[in-house]
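Visitor: Please take these sequences and the hints and turn them into a complete structure.
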Amino acid sequence: MEPRSKSFWWLTAFFALFVLFLYGPTVTIGILSFQGPDGGLTFPMRGVSTHWFHALFAQQAVGDIWGAWRRSFVLGLMVMAVTVVVSVMAGLAFRKHFVGSGVLFYLAIASLVIPSILVSLGVGLIFNEGGLPIHWATSAFGAQLTWTLPFGLLVMFAVFNRFDKRYEEAARDQGASAWQTVRHVILPIIAPPVIGVALFGFSLSYDEFARTLLTSGSYNTLPLEIFGMTTNVTNPVIYALGTLTTLFSFAIIAVFLGVVWALGLRRRRGGSDAGKSV
Amino acid sequence: MRTPNDLELVHLTKRYGTTVAVNDINHVFAPSTYVCLLGPSGCGKSTTLRMIAGHETVSEGGIILNGTDISRLPPAARGTAMMFQSYALFPHLTVRDNVSFSLKMKGVDKATRAEKAMKLLDLVAMAHLAERMPAQLSGGQQQRVALARALITEPRVLLLDEPLSALDPFLRIRMRAELKKLQRETGITFIHVTHGQDEALALADEVVVMNNSVIEQAGTPREVWGSPRTEFVARFMGGHNVVTFGGQRVALRQDAVRIAAGGQPATVTASVTGIEYQGDRVAVTSRTELGEEVVALVPDAAFFAQPINPGETLGLAWDEGRVHRLEA
Amino acid sequence: MRTPNDLELVHLTKRYGTTVAVNDINHVFAPSTYVCLLGPSGCGKSTTLRMIAGHETVSEGGIILNGTDISRLPPAARGTAMMFQSYALFPHLTVRDNVSFSLKMKGVDKATRAEKAMKLLDLVAMAHLAERMPAQLSGGQQQRVALARALITEPRVLLLDEPLSALDPFLRIRMRAELKKLQRETGITFIHVTHGQDEALALADEVVVMNNSVIEQAGTPREVWGSPRTEFVARFMGGHNVVTFGGQRVALRQDAVRIAAGGQPATVTASVTGIEYQGDRVAVTSRTELGEEVVALVPDAAFFAQPINPGETLGLAWDEGRVHRLEA
Amino acid sequence: MSESAKGWLLASPLALVLGAFLVLPIGMIFVVSFWQATEFSIEPAFSWENYEFLLTSPVTWKVFLATFKYAFLTWVFTLLIGFTVAYYLAFHIRSAASQTALFLLCTIPFLTSNIIRMISWIPFLGRNGIANQALISLGVIDQPLEWLLYSDFAVVLAFVHINTLFMITPIFNTMTRIDHRLIEAARDQGASGWQILWSVIVPLSKPGIMIGSIFVVTLVMGDFITVRFMSGSQSANVGRLISNDIGLLQYPSASATSVVLLITVLMMIGIVLRFVNIRKEL
Amino acid sequence: QEIKNIKLRQVGTGVSNLNEVGQKVKEDLGFSLDMTALDSDAVTQRAATQPDSYDIADIEYWICKKVWPTGNLQAMDVSKIKNYDKIVGIFRDGKLTPDSKIAQGTAPNTVGFVEGPGSKKFAPEQTQWMTLVPTIYNADTLGIRPDLIGRPIDSWAELLNPEFKGKASILDISSIGIMDMAMVCEAMGKIKYGDKGNMTRAEIDQTIAIFTEAKKAGQFRAFWKSFDESVNLMASGEVVIQSMWSPAVTAVKSRGIPCVFQPLKEGYRAWGGGLGLSKSLKGMELDAAYEYINWYLSGWVGAFLMRQGYYSAVPETSKQFMDANEWGYWFEGKAATADIANPFGKVMAKAGELRDGGSFYERMGHVACWNSVMDENQYMVRKWNEFIAA
Ligand SMILES: Nc1ncnc2c1ncn2[C@@H]1O[C@H](COP(=O)(O)OP(=O)(O)OP(=O)(O)O)[C@@H](O)[C@H]1O
Ligand SMILES: Nc1ncnc2c1ncn2[C@@H]1O[C@H](COP(=O)(O)OP(=O)(O)OP(=O)(O)O)[C@@H](O)[C@H]1O
Ligand SMILES: [Mg+2]
Ligand SMILES: [Mg+2]
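These protein sequence lines are chains W, P, G, R and L, in that order. No gaps in the numbering here: position 66 of the first sequence is 66 in our numbering, and each next residue is one more. Add 278 to a position in the second sequence, counting from 1, and you land on the number used in our numbering. Add 606 to a position in the third sequence, counting from 1, and you land on the number used in our numbering. Add 934 to a position in the fourth sequence, counting from 1, and you land on the number used in our numbering. Add 1216 to a position in the fifth sequence, counting from 1, and you land on the number used in our numbering.
Take these hints with a grain of salt, some might be off.
To be verified - Here are the in silico distance ranges between beta carbons for each label pair:
#1 W:Phe14 <-> L:Ala1557: 51 to 57 Å
#2 G:Lys712 <-> R:Ala1030: 32 to 38 Å
#3 P:Thr346 <-> R:Ser938: 27 to 33 Å
#4 G:Ala636 <-> R:Arg1208: 54 to 60 Å
#5 L:Glu1429 <-> W:Phe14: 40 to 46 Å
#6 W:Phe163 <-> R:Ala1030: 14 to 20 Å
#7 R:Ala1031 <-> W:Thr138: 39 to 45 Å
No wet-lab data here; the hints were simulated from the structure. Only a predicted model underlies this, so the values are computations on that prediction, with no experimental measurement involved. Backbone N, C-alpha and C fix where the C-beta goes; we use that ideal spot for every residue, glycine too.
Guide: See below:
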């Protein structure tokens, strides 16, 4: 192993501080979620208990966390699926240099940079004026897509910029139809970043507040619910929720890493003598 | 001689916007030959090959295989198969699955697929590594898998775009022998793009030299090397001096130039500008009074018996009969 | 002969974990020589070069330049400069700024910088393209810029890692002549890594052949090619047959093998397995009764006067004096 | 079918979604921005009144200024931190596996609800929060620091916390594509660590920096909730102005503010895009 | 269709959109009530712009003033409301007792009735058609931390007392906040208002100017917008004096932190909420909604709300659902005879403690103004934005 330079240690320290900063609130939430039954949202701790985790699964005074969670989860899955499919399709499309691709691309960029409350407002207005029912699965769904799709698209650009076109040509040469090429060659090769897009799409949707605010209709998604909860006596239940969310994220990422690792394992299977001559 | 099974390019042209990559070329490839397509970078070799394979649309002209124009067919329907530079093996499939890919696309059942793939892997001596992933193979092994994958479609014509360029010279020489052997065994026409003239000479039954989007000369290696039609071919194929002789551009083989020792009659006098050792021979470069560079290939024993240093003046001689007239 | 200005490697070793990339090598490079470091892929050439340049730490041993151990100094303080494979020109800087980069780092003022850069660009005949960006240059032009950039630091030793590998063969031959010329003009020691033996023979004052992390043989091209020490060197340098003769492994130059026509006495009989056309010569490969492959290089005229086909049996002859004994 | 037609076919879902949920709504906002509102209802009409008020009101200028201030400060800090972290990951972490692992480590907090994370700053930064208590018990201060919470400091801190990831990701992405031989070449040419950083790495990371800046600046410019939470409602940015208007059912005025904000943001991004070809640099 | 298959959707803030109510409805009436809690801005928006997204809107009277003219709510037939006659006078003729004066601002009676089913104009008198059925209301004042202040507070003017520099707070909801400001300015004697509930531009300017100056001087620690924020500000000691809601004070106290809902000599700022019916409600759903409203006024919910410190619109019926100790403590302002628990079982007051502000009549009788929407509302909002941005 090469010896490490001094700057390496400085940077490691900086990185550690940064991670500490990132996790500061997460850790605070983690600690406070174990408040005693009489504890509040702030320090000091008044005893230590898992009371609030139990409370999380019981009925709340206000609102319906689990209903909201179910909606957010379903919505997240919907957004995830559509984001993956549409952005992969669009990624494929943009390699074809079709007329107007520039306009569409800049539209996607615009979609990314437009402040989210405007989208919320606009979608709300359109549905109102058009007499369409505002519902989390229609208007909120659409509003969230304006945020996750450009993201997915950018990732797809990054993926296809690095994708060797010869794989496709080889597939076509081997008699694969356009669909077979996508199904048997392109998708398997780009699978890891696509899984990344899926994860990202899900979590962006799951945590989206502003775009859902004016578009969710009768029922709240989780972020709105949490915000709604703050209009009454809030208690460490929301910290318990935060802690569980974090653990949930850890689990998802672990699964993701597991899948990627398993894919890699399959590719490595059978040992290797790559690099050695014939 | 025309046979029904040959491949013919008819007025084949490819334009990218205003640049013409392939300019109205006509050529007939005889069946069961090993053809090398040779030329400097950017001359249109890859484009020609890719048009034949169907990975590039034809701007004008046609490609006739076995009597039918295949130039509008999809790649897999043409009876050609392509082997790509750096092989383009599917990284997510095992060696066997790579080879049986086209059968899977056709819907052939698993057992038949595996059997046929193993037969081809046997042919290229890779059956023992059928379960490996491409990343676990060396360059030479990857090449063989790519070959097997191309051959499983039972093509009439196999197209190879610089298949050896990623290998080190040692390996390259071994692999080209394998290619040649395989071509002979299968009887398929191989069209092999390269820009190494030694490779082309060693491998080909027919050498096609391209330059500036057109075919400059085609023929057996001996024809092309021995009787270059133009100055470009003479220079590009190597081993020749191009000099002006009696107001004419001529090619003169480097090994036909003698250094006139002592009192021997010299055709020209020249001053030595460079000495390049080549192992069993030494290339002596000198500049004639006309300012033309002439290389003489001298056997090493002869050279070291009477070493020459840059800056010296010497006489060069050659037999009139060895001078080869070039077209303007 | 030791001079104060030479570069010496002393017990130089490099380990990556458990793999030994360079194993205890010792060598003295004489000043103002053109050295080619040659060997198969993975033998440790790049690692050696990078240790000299200071881009890789030394596991053991030392590197002595001009009497001081430079093996712990930062790259720029060593008196060496490196030219990278595919050149590593800064893509965001113009040609001129690339060349004057090191001066800028030293804080030299703008005018001086520009002046000096232009002088070096002149040297490599690139002054007219000083304002271009690297992406706008051809491979050969990029190489010259990289050379100018390396030379501006006035190194004692210039290290080149496969500088020609990205070029097509035509260009490669031209560029190697330029390298050689430049080395002669500047009087700097060039250490050039390559795995092309023809390149090494043509360029080098000294050839260093590496294999399996050690130096297998070093010497002038003529020494190394003409008197290979081991079977590996003989095979790797090319142009030799390695056969067993009187119970001993010997090297036999391919151009020293004659085909015994008619009633001439033959040393061995063999059956022809391959014919490879090389332009002015033809390589005839045949298998002796001992199962050893022997290549005979036959002048083309002689060959085509009496063509030989694979499968034929013929007699091979050579002079006893041309046999070169190899070390075990 | 032609390539272009195939392209459109594949891109049509994207085009449809963007058309329906972006172009139409923004168009609607644009139209509504010329309408009139009474206390109770929106009335289709054409009037410059909303814009006239907006562009002549000192509040607008102040609020836009505050918005730019937050955007700028956040941009500076996220850039410094994001660049350093990306640099560390790309150039000091050797194996790709550790790079990915550390990078994912940075993304996890991002997956916890923003609102919850924001709420949790209060026990941390408050007058009696962890930070103050720690500082007091360390003897650094003897009075709690008031400016830790409900201040511009808190706002910028939260922005940096939320948005740094958007800076790290693209910069890291470009940096991993820098050929390591360029760094060696620079070192060979006598460049010191700082010089390498400044003359080679920074220029070559520019596309990533640009893309990250676009993310951060637009996210901050459009935010309305962070500023409210972290400043204790004591500061306003444009997003809050809009959300206040929306809360008070002043849709036309909210729309007019939105249009101005949108134009500002698009102009800024337009300028950035002139210097970087996002499509190529990803 | 059976009644048990009916599902009514109610939106409102977390203040009154309590799940226990929904549960009890299911028990008592057999149909389902889905509660969605939002922050107050979002409730207004829903009510005003998305009438199809709810069946019942739980909103405040001042919000009603803005929402009603959109036509998204339908008027309710008084004759179908059983306990109409028992509803506190405040919500009918505006008078708590026959001789009380109607306070300034958007008093509930001024926006409580319309002329007819389709009318968008409020009626000055009681009519057959009600806009909202009152459910919950209270009189707000300043909350203080007696332990940190250590002296009696008796006037709204104390909010701007430099003594509390950096430790004061008000609401960041303009319609409510402006009223608090007016109470303060008036108490300080700086401004004499014609009608605090309907200020002139000059009055608005003056009021905002005074507070802007204070803000710049660092008087305020923060402004709050949600219930929760006010609790946290107070509980964590960030703020020692602020305008506050009664249950928020209770919430602070329940954490063992001393906090007083301080009655002040100038009186209270009051607010009231009620249920409105979406215009799209009809048929069996509409019947169910009436049933729900009648149930709402029949006492159980009133008691439930009163135990949290709010008041019930029909105290008489609620009394039946409370024991004497509770009724005495919460309504009559008597000392508790035993521990007082909130509906969630948490002890709010020990035996012997008195409710801040005394009895119902003492509190609701001292309302100085109601949360309001003024004629110059738009102007006021702009000035408010200026204040926030200052
Ligand atoms: N997709 C394309 N668009 C525009 N021009 C192209 C394209 N592909 C090739 N060309 C141009 O067509 C000409 C021929 O290219 P081609 O790839 O056939 O050359 P080549 O002989 O294979 O060269 P090399 O030896 O470098 O591979 C070149 O001038 C090249 O720049
Ligand atoms: N960073 C590294 N970590 C581990 N092993 C390495 C590393 N770099 C090189 N090696 C190993 O050290 C040995 C020598 O490598 P080196 O790059 O010097 O070979 P080379 O002679 O330059 O080969 P080539 O001709 O392919 O460039 C190889 O076995 C290689 O796998
Ligand atoms: Mg090519
Ligand atoms: Mg190397």
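Visitor: Each hint: holds or not?
Guide: For each hint, the structure was consulted:
1. W:Phe14 <-> L:Ala1557: 51 to 57 Å: Once the Cβ atoms are compared, 53 Å apart, the range 51 to 57 Å for alanine 1557 of chain L and phenylalanine 14 of chain W holds.
2. G:Lys712 <-> R:Ala1030: 32 to 38 Å: Taking Cβ atoms as reference, lysine 712 of chain G and alanine 1030 of chain R lie about 35 Å apart, which means the hint holds.
3. P:Thr346 <-> R:Ser938: 27 to 33 Å: 29 Å, holds
4. G:Ala636 <-> R:Arg1208: 54 to 60 Å: 56 Å, holds
5. L:Glu1429 <-> W:Phe14: 40 to 46 Å: 43 Å, holds
6. W:Phe163 <-> R:Ala1030: 14 to 20 Å: Holds: the Cβ-Cβ distance is about 18 Å, inside 14 to 20 Å.
7. R:Ala1031 <-> W:Thr138: 39 to 45 Å: 42 Å, holds
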